[in-house]
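Chemist: This is what each chain is made of:
2 protein chains.
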Amino acid sequence: PGTIDLVFFLLPGKYIEDMIEHCKQKGVKAAVIVAAGFAEVGEEGAQAETKLRKLIKKSGIRCIGPNTIGFINMQANLVASFVLFTNWQDGPIALAAQSGIFGGAVADQLMARTVQRLGICKSVAFGNKIDLDETDFLEYTWKDPATQVIALHLEGLSRPRSFLSLANKVKREKPIIVLKPGRTDLGARASASHTGSLAVNDELLGHAFRQYGLIRADDLEEFLEYLKAFSYQPLPQGNRVGIVTFSGANGVMASDELRQHGFELADFTDSTWQRIKKFLPSWQPATHPLDLWAALGAGNRLVHEEGILSVLDDENTDAVLVILLALSNADFEGIGEIYQAARQQHPEKPLFTVMLGGEVKDKWLSDIEGLSMPVFETTRMAIKSLQAMHWYARIRDRMQPDPRLPDADHLN
Amino acid sequence: PGTIDLVFFLLPGKYIEDMIEHCKQKGVKAAVIVAAGFAEVGEEGAQAETKLRKLIKKSGIRCIGPNTIGFINMQANLVASFVLFTNWQDGPIALAAQSGIFGGAVADQLMARTVQRLGICKSVAFGNKIDLDETDFLEYTWKDPATQVIALHLEGLSRPRSFLSLANKVKREKPIIVLKPGRTDLGARASASHTGSLAVNDELLGHAFRQYGLIRADDLEEFLEYLKAFSYQPLPQGNRVGIVTFSGANGVMASDELRQHGFELADFTDSTWQRIKKFLPSWQPATHPLDLWAALGAGNRLVHEEGILSVLDDENTDAVLVILLALSNADFEGIGEIYQAARQQHPEKPLFTVMLGGEVKDKWLSDIEGLSMPVFETTRMAIKSLQAMHWYARIRDRMQPDPRLPDADHLN
Numbered sequence: 001p002g003t004i005d006l007v008f009f010l011l012p013g014k015y016i017e018d019m020i021e022h023c024k025q026k027g028v029k030a031a032v033i034v035a036a037g038f039a040e041v042g043e044e045g046a047q048a049e050t051k052l053r054k055l056i057k058k059s060g061i062r063c064i065g066p067n068t069i070g071f072i073n074m075q076a077n078l079v080a081s082f083v084l085f086t087n088w089q090d091g092p093i094a095l096a097a098q099s100g101i102f103g104g105a106v107a108d109q110l111m112a113r114t115v116q117r118l119g120i121c122k123s124v125a126f127g128n129k130i131d132l133d134e135t136d137f138l139e140y141t142w143k144d145p146a147t148q149v150i151a152l153h154l155e156g157l158s159r160p161r162s163f164l165s166l167a168n169k170v171k172r173e174k175p176i177i178v179l180k181p182g183r184t185d186l187g188a189r190a191s192a193s194h195t196g197s198l199a200v201n202d203e204l205l206g207h208a209f210r211q212y213g214l215i216r217a218d219d220l221e222e223f224l225e226y227l228k229a230f231s232y233q234p235l236p237q238g239n240r241v242g243i244v245t246f247s248g249a250n251g252v253m254a255s256d257e258l259r260q261h262g263f264e265l266a267d268f269t270d271s272t273w274q275r276i277k278k279f280l281p282s283w284q285p286a287t288h289p290l291d292l293w294a295a296l297g298a299g300n301r302l303v304h305e306e307g308i309l310s311v312l313d314d315e316n317t318d319a320v321l322v323i324l325l326a327l328s329n330a331d332f333e334g335i336g337e338i339y340q341a342a343r344q345q346h347p348e349k350p351l352f353t354v355m356l357g358g359e360v361k362d363k364w365l366s367d368i369e370g371l372s373m374p375v376f377e378t379t380r381m382a383i384k385s386l387q388a389m390h391w392y393a394r395i396r397d398r399m400q401p402d403p404r405l406p407d408a409d410h411l412n
Numbered sequence: 001p002g003t004i005d006l007v008f009f010l011l012p013g014k015y016i017e018d019m020i021e022h023c024k025q026k027g028v029k030a031a032v033i034v035a036a037g038f039a040e041v042g043e044e045g046a047q048a049e050t051k052l053r054k055l056i057k058k059s060g061i062r063c064i065g066p067n068t069i070g071f072i073n074m075q076a077n078l079v080a081s082f083v084l085f086t087n088w089q090d091g092p093i094a095l096a097a098q099s100g101i102f103g104g105a106v107a108d109q110l111m112a113r114t115v116q117r118l119g120i121c122k123s124v125a126f127g128n129k130i131d132l133d134e135t136d137f138l139e140y141t142w143k144d145p146a147t148q149v150i151a152l153h154l155e156g157l158s159r160p161r162s163f164l165s166l167a168n169k170v171k172r173e174k175p176i177i178v179l180k181p182g183r184t185d186l187g188a189r190a191s192a193s194h195t196g197s198l199a200v201n202d203e204l205l206g207h208a209f210r211q212y213g214l215i216r217a218d219d220l221e222e223f224l225e226y227l228k229a230f231s232y233q234p235l236p237q238g239n240r241v242g243i244v245t246f247s248g249a250n251g252v253m254a255s256d257e258l259r260q261h262g263f264e265l266a267d268f269t270d271s272t273w274q275r276i277k278k279f280l281p282s283w284q285p286a287t288h289p290l291d292l293w294a295a296l297g298a299g300n301r302l303v304h305e306e307g308i309l310s311v312l313d314d315e316n317t318d319a320v321l322v323i324l325l326a327l328s329n330a331d332f333e334g335i336g337e338i339y340q341a342a343r344q345q346h347p348e349k350p351l352f353t354v355m356l357g358g359e360v361k362d363k364w365l366s367d368i369e370g371l372s373m374p375v376f377e378t379t380r381m382a383i384k385s386l387q388a389m390h391w392y393a394r395i396r397d398r399m400q401p402d403p404r405l406p407d408a409d410h411l412n
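Protein chains in written order, with my numbering: chain A, 1 to 412; chain B, 1 to 412.
Worth double-checking, as some hints may not be accurate.
List time: in silico PhoX-like cross-link candidates among lysine-lysine, alpha-carbon distance up to 25 angstroms [unchecked claim]:
(1) K363/A to K361/B
(2) K14/A to K54/A
(3) K14/B to K277/A
(4) K361/A to K361/B
(5) K363/B to K363/A
(6) K277/B to K361/A
(7) K277/B to K14/A
(8) K58/A to K26/A
Only some residues are given here: those of chain A computed to face chain B with a beta carbon under 10 angstroms [unchecked claim]:
(9) R210
(10) E257
(11) D291
I should point out that these hints are in silico values taken from the structure, not numbers from a laboratory.
Glycine residues also receive a C-beta, built at the ideal position from the N, C-alpha and C atoms.
Looking at chain A on its own, in the form it has when it is part of the complex (with noise of 0.2 angstroms):
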């Protein structure tokens, strides 16, 4: 009695055929198919997957799958899903995968994290696509209040004009991140026989995402640190990096990467100087990247402070990257407050932070907890996330021609 809005089967291949009618006398509306053995294993299957596609499609209802692991929606407090997830932590992203239990095993990751958490709202496995695709995923997170931020893991595009041309209005509002492995004919050849994709031309798919707007992470790593940075930070207005840091070594490799992704050390203004000259040893030169080691002296607590929040201050940085040595002789209480007031005085501003050590930096870790402060394993990746970011603010606003027209052709 009453109508029943999902099911969720968990049937072998099989006895799929008989439920769909059964579902459809039933007046259901959706579907989740959890069965593999479709088009990702051969002829046969693919058979199977063809009168499947056409007997979901004649039924009305709507349906993600086969060969997935389900969805989670936590604004309808809805986990459809056969993997358990424990302690899943709300959030602004909304993730979608192509395959079942890569992103089972990439959630249980990020879920067992204790610090520097990610929060996702939506997650889907998509599998074989016979009816909803990321392009539908797409218009969904478009507008949905909960997404900011919208993540998809592809092996291939179901309908790639559509998806692009939607793409290209969406990123306007919300930045789009895109993981498509396959990018080298070995990539590509494992892909194909991985879900039956059919292989595109990887070359023109990244000049794709590049004139439509999409992010493209090349490695899971890379997905990840992404996700972080944009689900926690806002956009940089600029390129002018500051870095306060507490190795002159680290600085060094610092310069390296900014210079490599595109940015420039900022020009700190006469106040900001005078500021840092107040904790500086005499003996030191005050140069930017900003080494604060020797400055210690003038206590933890008031360097790391002053340091952070005058270049964070400064009018000529656009962004502000730390880096700590969270050793014994560098440790103090109230770490977490100075990011919450530099987060306060400056919610404009990216605030990235790279930090060394053992103990010391997981109390850190813990204290900052929960402020969205992004830290990273490596500057290669604080700095390749704030290049994602500072092209993504850079071509928000722009419009391309709809891919629908013709000249798209070559990426069906």
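Once you've looked at the hints, dock chain B against the given chain A.
Modeler: Structure of chain B alone, referenced to chain A:
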């Protein structure tokens, strides 16, 4: 009474002159000078350093520093450092850093690890190198029986031609891994103000490193991951890699990385395929990368054990990459035993692992601790490290013309 082998100077710079005189009279053989404020802080400091250099030379005392945190020699049970290290792990790596506090922070981070620990038998921070420098370190560690891998963080070379000439010989016996930041103009400028190092043409230097067989890491992450790979595993004898994965999506990404780093997917022999097909579901085509997720129905332990060992046994694989999904669905007891068997049966073949997951991942990592099995956070770093080893395996026996000949003058 008695002779003094080593004096550790924690004095401010101005007292050092007198103390050197005392040491000389006492017959002291070696000294560590911690004080900073010499050439790295400008003209006045540079003059003081020149004076100190002459004094040390005249005294005959061998000296580390100034501007250092000291050194560690595990075989002599000697920690001559003002930074406290608990839980130091001995092992095959000799690690030298240009600057003290950077080296200290890296060591603090490494030694705080509970899994995937690196063993370091000798460690030193050069500082301003008024006497002992990287060439001395190379000579010392070459002859040191405890050292198997030599790791150098450098911002400049004191005697480039002697260094390269010696490295060219040393690398035939022990790999030399170099992190030399200042790759860009911005980085070189930061380096000059950090250590007073003269800028060298980085392109020429990179060329010289390649020519004389030094392995260059581009950033700190690469440096540390290369150290793990080289200190844990044997060198690959060729470029044919076998991939065992529990996620097809990760197999696609790994294929991309292989191709981009000059590797091939190995062709498995017929007997390997027969062995694998015993536990692969009948509907799943046998493909490489070998995706074993669907095979887990045959038993989690069996599939992990047979999956890894059959590919490792294959005569067509020169190295094996295993991508594990450490999820509760895949969990089992005894992964450490599997890796131990793998090592015993194939001590000659590198075996690299990438692991995705949360709680189960922690458990598995603990279970293989102590087996010298490298687990990488990213597939990219696993394959990059393997690439560095493969390059080194090919060039280690190649001798270059002695760089002390006039045509290496451009490096000075």
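Chemist: Work down the list of hints and note, for each, if the structure agrees.
Modeler: Checked hints:
A C-alpha spacing of about 22 angstroms is found between K363/A and K361/B, which places the hinted pair at or below 25 angstroms, so the restraint holds. Of the supplied pair hints, the one linking K14/A and K54/A holds, its CA atoms being roughly 15 angstroms apart against a limit of 25 angstroms. Proposed proximity of K14/B and K277/A is supported: the alpha carbons are some 24 angstroms apart, at most 25 angstroms. For the proposed pair K361/A and K361/B, the alpha carbon gap of about 21 angstroms is at most 25 angstroms, so the pair holds.
Proposed proximity of K363/B and K363/A is supported: the alpha carbons are some 22 angstroms apart, at most 25 angstroms. Of the pairs offered as hints, the one joining K277/B and K361/A is violated, with about 47 angstroms between alpha carbons and a cut-off of 25 angstroms exceeded. For a cut-off of 25 angstroms, the pair hint linking K277/B to K14/A stands: about 24 angstroms separates their Cα positions. Pair hint K58/A plus K26/A holds up; C-alpha atoms about 15 angstroms apart against a cutoff of 25 angstroms.
Nearest Cβ of chain B to the Cβ of R210/A: about 18 angstroms, over the 10 angstroms cut. The hint is violated. The interface hint given for E257/A holds, since its Cβ lies 7 angstroms from the closest Cβ of chain B, which is under the 10 angstroms cut-off. With a least beta-carbon distance of about 7 angstroms to chain B, the hint placing D291/A at the interface is held under the 10 angstroms criterion.
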